[in-house]
Amino acid sequence: MLHETITGKILYTSRKPGREGEERGREYFTFTKHTDGSRTLRALCEIEEPNPTVMRDITYSLDANDMPTDCFVRLMIGDKFMGAGLFRITEDFVECESFGPSIGRLSQKVPIVGTFDGFGTHPIQGDAYITKKVDKSKGPHIKALRTFLPSPDHRGATPPMVSEVNIFLQYVGDETITVGAGTFEASHFRFTDPEGGMASSDGAHPDYDVWVTADDDAIFLQGGVGGYMQTWYELTELTRR
Amino acid sequence: MQHRTISGKILYTSRKPGREGQERGREQFTWTIHGDGSRTIRALCEIDEPDPTVLRDVTCSFGADDRPTDCFVRLTIGDRFMGAGIFAASHFRFTDPDAQAHPDYDIWVTADDDALFLNGGVGGYMQTWYELTELTRR
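Going down the list, the protein sequences come from chains L and X. Residues in the first sequence are numbered from 1 upward in steps of one, following the numbering used here. Residues in the second sequence are numbered from 1 upward in steps of one, following the numbering used here.
Hints are computed from structural coordinates only; laboratory data are not their basis. It is possible that part of the hints are untrue.
Claimed, not checked - In the SDA-like style, the derived pairs of lysine to any residue whose C-alpha atoms are separated by at most 20 Å in a straight line are:
no.	chain 1	residue 1	chain 2	residue 2
1	L	K80	X	Q2
2	X	K9	L	E237
3	X	K16	X	R26
4	L	K33	X	K16
5	X	K9	X	R56
6	L	K33	X	A43
7	L	K9	X	A43
8	L	K109	X	A84
9	L	K33	X	D51
10	L	K133	L	G114
11	X	K9	L	H3
Build the full structure now, drawing on both the sequences and the hints.
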């Protein structure tokens, strides 16, 4: 094939007291990188804990400038179908065609009005890739991120529809780290939500540290969410071909 | 998780003279089978040969009766985006419980404002099946 392929597995574990290191889910992902510079990420994400369980299918594509073009989402919550939807993202609007037991058949076309940084898809690998929006040549600093999402829920567990979220992304610095999949040169970022741009019934999104490969692929290596979530994620398998 | 998972890889090879057994593509697939009997397949299919190459992403779901409920397809042909789409159907059942005359009649229609017939069938003594085989919108 003409494209390059990156596949991997991310293990989801807990850092809650008494459950440290216990597996609580997993994510299988495949990136394809095409000769025109576009990329597609597919991810199958399984969150076992806390209840209800979340199973998410994502097929998310970006153009050569790392701007989102289209995204398919399908959700099973508590092993029951919650919804499926296709999003199309242009410079001017986000379209959504979705359906589910609680929303019926939904069509949306939301004007973007102004600039934005990306589309938050909820797979951990998707979180990692949006760190490319930070200009690391400026050194450690904080960037405001304007994103659209298929769900504002912290676990992405609501029926697919267009949401806008404004959060912050801090570039902390580079270091060498070792994870289950090997030793890598990594860039460390931190998502923060000081203004409650992603607030839910659990409050603002807790700080979320991620380490990604310090190359153009920004592959997720390790990370975790503090606060009430106390989660940890680690890349355990990686193949490039 | 409550669901079962089946994952696999299918190798595409050639039987053309002179190319027997040569790899010409591959398919990675994952089925999940859920507690309510529904199931979803996601597949990444790569066809290297003949030109142009085909890269297909499919996420397709079926109800407990194995009838399709929704399907997403994304195609990259010759390493260039060709298109992406989603298809959703709504499933209805006509019943006649008071008179017990007409057998149950299941229909699937497009899940949009047009409610176009897609497929369906009548049970009981009728045992009929209907399927949309041509469709034009203009």
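Consistency of the hints with the structure:
1. L:K80 to X:Q2: Holds, at about 10 Å.
2. X:K9 to L:E237: The given pair, whose Cα atoms are some 17 Å apart, holds under the 20 Å limit.
3. X:K16 to X:R26: Holds, at about 17 Å.
4. L:K33 to X:K16: 30 Å, violated
5. X:K9 to X:R56: 14 Å, holds
6. L:K33 to X:A43: Status holds; Cα separation ~17 Å.
7. L:K9 to X:A43: With Cα atoms ~17 Å apart, K9 of chain L and A43 of chain X stay inside 20 Å; holds.
8. L:K109 to X:A84: 17 Å, holds
9. L:K33 to X:D51: At roughly 19 Å apart (the allowed maximum being 20 Å), D51 of chain X and K33 of chain L satisfy the hint.
10. L:K133 to L:G114: Between K133 of chain L and G114 of chain L the Cα gap is close to 16 Å, so the pair holds against 20 Å.
11. X:K9 to L:H3: Roughly 19 Å between the alpha carbons, so the hint for K9 of chain X and H3 of chain L holds.
Comparing the model with each earlier hint shows a violation of hint 4 alone; every other hint is respected.
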